[in-house]
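Novice: What follows is the residue order along each chain.
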Amino acid sequence: MSVTIPADLAERPYHLRYGVPVPFVCESEDGAVDLGGVVKKRVVQCALSRICGLCGRSLAYGVTFLGSPEEAEANLFHFPPLHRECAEAALDLYPRLGVPVLGQLLVLREWAMVVTGGFELVRPQDREGDMRMAFRMNSATEDVRVTR
Amino acid sequence: MAISDVKEYTHLTEEQVEELGRELDDLRARIEESRGTADAAYINRMITIQRTLAAAGRITLFASRWKPAFFAGTAMLGLAKILENMEIGHNVMHGQWDWMNDPEIHSSNWEWDTAQPAEQWKHSHNYIHHQFTNVLGYDNDIGYGVLRMAREQKWHPVNLGQPVYNTLLALLFQWGVALHDLDIEAIRKGRKDPKEMKRQLKQIGRKVRRQIGKDYVVYPLLSGPAWKSTLKANATANLTRNLWSYMIIFCGHFPDGALHFTEEELEDETRSEWYLRQILGAANFTGSPLLHILSGNLGYQIEHHLYPDLPSNRYAEISVEVRELCEKYDIPYTTGPLHRQYGQTLRTIMKLSLPNKLSDSDQPEPPSPVRERRRKTDEERPNRRPETGAYARKSA
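Residue numbers (our numbering), protein chains in the order written: chain Z, 1 to 148; chain C, 1 to 396.
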């Protein structure tokens with residue numbers, strides 16, 4: 001299958017085993033990569049610097065979030081904001097690997113893609129709850145479900 | 001000091017810290033719910049006023065050989081630049097107006113009227129400064145890599161020149177900020193990725209050419225015979241903006257009472273602790289509504305640090321409740337008139353040009369007696385659940 005990868009995402013280092021670009025937010029400072037996890041420091045960087053969680057470059061208007069349908073219903077995503085083009089490419093690149101990807105704890109078949117004007121960063125409430133950072137949309141304009 | 005050892009809030013129990021966090025969450029939720037057309041009208045009005053001032057200033061300066069036109073044009077242009085940088089650009093780039101879904105007034109599209117590229121500002125300010133607020137060694141806003149601003153920073157004979165460096169920084173503030181995200185210290189220590197540095201330098205070069213071209217080539221040329229006085233007026237407007245923004249920014253974190261932290265524990269920080277660090281690391285100043293607009297509402301620095309992405313026009317009403325909460329929980333709420341806050345900042349700059357043994361600290365004592373309290377170390381905490389990073393609940 002041929003996938004159109006946006007230029008900035010194509011410039012990211014490639015995963016040795018899966019041959020896909022390593023998302024910015026999945027790579028820690030020392031170069032360690034976990035396609036299913038996210039590096040908390042980078043999640044915050046994406047939120048505050050307004051950069052894409054996949055290519056690591058400045059976001060454009062039409063901020064997009066990817067996650068599970070449950071995350072979309074709860075309006076609480078765990079993977080940082082993305083360029084729309086990066087999000088669309090990601091749906092073709094990562095779910096087919098058959099492992100948890102894009103900040104998900106499980107392998108997903110159905111994905112939610114939500115486009116929004118703005119979002120809020122939700123910091124963890126307490127140490128006994130979920131310590132992951134999360135994102136809440138405040139002006140969604142599009143909400144679609146994609147099966148992969 | 002480490003965040004866990006901050007004596008200004010060690011009198012609070014963990015439950016009280018969490019309760020304060022919940023009250024600040026409620027306040028945020030109420031503002032989010034009430035955000036709407038009146039707020040949108042405010043920012044649109046500000047942009048209209050700013051653009052009208054800029055256009056009127058530029059047009060008036062075509063006659064700048066006539067003294068009254070020179071002064072009026074310079075004043076209007078200076079005001080327009082201040083409004084654009086402080087109340088509009090800075091706040092739009094924080095995403096305060098993204099909820100409006102307006103592609104023009106959006107954090108991803110706004111490019112401001114100053115030498116630093118917006119993308120670099122969003123990294124050095126929105127991320128580094130707001131996430132690592134007043135954490136020594138992380139937050140480059142502490143003295144902008146030029147000044148020693150905390151007693152915990154090691155003194156060096158080069159600090160004797162601080163009064164001079166401070167004056168130069170104020171006069172050339174736009175250019176200092178332009179280089180801010182390059183992180184000169186990282187370059188000096190060889191830690192900066194050369195590829196990234198090249199990319200950033202290119203971006204800065206493009207922006208500097210645009211700024212210089214606009215203020216020192218295009219508009220003077222358009223003024224024809226008045227080119228020299230227009231050029232002078234543009235330089236004066238830029239200088240005025242530099243001095244103003246320098247003063248406002250320095251009053252946000254360096255008056256007495258605003259704390260510095262020497263260690264970060266951000267991986268484990270909860271929302272309540274993050275709120276506390278923002279309250280203790282920032283300082284407000286008081287003044288008229290006009291003063292607050294011209295300072296980008298950064299006179300409400302504490303509120304801005306608590307809620308950097310809420311609309312700036314709401315900080316005044318938020319501040320009433322934040323102050324009440326600080327009184328309720330006996331936490332310092334640092335504020336005072338602008339002249340006093342800047343006076344204290346200036347005194348700190350002078351004092352810290354000398355070694356600690358030759359000066360004393362001006363930090364006020366915390367309001368409540370210190371209780372034995374500190375955050376647990378990793379060894380003292382239960383194991384984490386790997387999937388969410390949460391600590392497993394203790395078994396009964």
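FYI, nobody ran anything at the bench for these hints, they're computed from the structure.
Please read all numbers here as calculations on a predicted model, not as lab measurements.
Here a beta-carbon is modelled for each residue, glycine too, at the ideal position from N, C-alpha and C.
Accuracy of the hints is not assured; some may be wrong.
Unchecked claim - Here are the simulated DSSO-like cross-link-like pairs (lysine-lysine), alpha carbons at most 30 angstroms apart as the crow flies:
(1) C:Lys-214 <-> C:Lys-189
(2) Z:Lys-40 <-> C:Lys-198
(3) Z:Lys-40 <-> C:Lys-192
(4) Z:Lys-41 <-> C:Lys-192
(5) C:Lys-232 <-> C:Lys-202
(6) Z:Lys-41 <-> C:Lys-189
Claimed, not checked - For each label pair, taking beta carbons as the anchor points, the in silico distance ranges come out as:
(7) C:Ile-187 <-> Z:Asp-34: 24 to 34 angstroms
(8) Z:Asp-92 <-> C:Asn-109: 18 to 28 angstroms
(9) Z:Leu-106 <-> C:Tyr-216: 39 to 49 angstroms
(10) Z:Pro-13 <-> C:Leu-221: 28 to 38 angstroms
(11) Z:Val-3 <-> C:Val-218: 22 to 32 angstroms
(12) C:Gly-205 <-> Z:Val-99: 20 to 30 angstroms
(13) C:Glu-321 <-> Z:Ser-139: 18 to 28 angstroms
(14) Z:Val-99 <-> C:Asn-109: 31 to 41 angstroms
(15) C:Thr-48 <-> Z:Ser-139: 21 to 31 angstroms
(16) Z:Pro-13 <-> C:Gly-205: 23 to 33 angstroms
Novice: Now look at each hint and say whether the structure bears it out.
Specialist: Status of each hint after checking the structure:
1. Of the supplied pair hints, the one linking C:Lys-214 and C:Lys-189 is violated, its CA atoms being roughly 36 angstroms apart against a limit of 30 angstroms.
2. This hinted pair checks out: Z:Lys-40 and C:Lys-198 have alpha carbons roughly 27 angstroms apart, not beyond 30 angstroms.
3. Taken as a hint, the Z:Lys-40 and C:Lys-192 pair is honoured in the structure, with Cα atoms around 22 angstroms apart against an allowance of 30 angstroms.
4. A distance of roughly 18 angstroms separates the Cα atoms of Z:Lys-41 and C:Lys-192; the hinted pair therefore holds under the 30 angstroms criterion.
5. For the proposed pair C:Lys-232 and C:Lys-202, the alpha carbon gap of about 28 angstroms is at most 30 angstroms, so the pair holds.
6. For the given pair, Z:Lys-41 sits about 22 angstroms from C:Lys-189 by alpha-carbon distance, which is consistent with the 30 angstroms threshold.
7. Between C:Ile-187 and Z:Asp-34 the Cβ separation comes to about 30 angstroms, which falls inside the hinted range of 24 to 34 angstroms.
8. Taking 18 to 28 angstroms as the suggested C-beta distance range, the pair Z:Asp-92 and C:Asn-109 conforms, at roughly 27 angstroms.
9. A C-beta distance of roughly 59 angstroms is found between Z:Leu-106 and C:Tyr-216, which places it outside the suggested range of 39 to 49 angstroms.
10. Taking the beta carbon of each, Z:Pro-13 and C:Leu-221 are about 47 angstroms apart, not inside 28 to 38 angstroms as hinted.
11. Remark: the range hint 22 to 32 angstroms for Z:Val-3 to C:Val-218 is contradicted by a beta-carbon distance near 44 angstroms.
12. Taking the beta carbon of each, C:Gly-205 and Z:Val-99 are about 43 angstroms apart, not inside 20 to 30 angstroms as hinted.
13. The hinted window of 18 to 28 angstroms between C:Glu-321 and Z:Ser-139 holds, with their beta carbons roughly 25 angstroms apart.
14. Separated by about 36 angstroms at the C-beta atoms, Z:Val-99 and C:Asn-109 satisfy the suggested range of 31 to 41 angstroms.
15. Distance hint check: the CB atoms of C:Thr-48 and Z:Ser-139 are about 22 angstroms apart, consistent with the given range 21 to 31 angstroms.
16. In this structure the hint that Z:Pro-13 and C:Gly-205 lie 23 to 33 angstroms apart at CB holds, the actual value being about 27 angstroms.
In summary, the structure is inconsistent with hints 1, 9, 10, 11 and 12 from the numbered list given earlier, while agreeing with the others.
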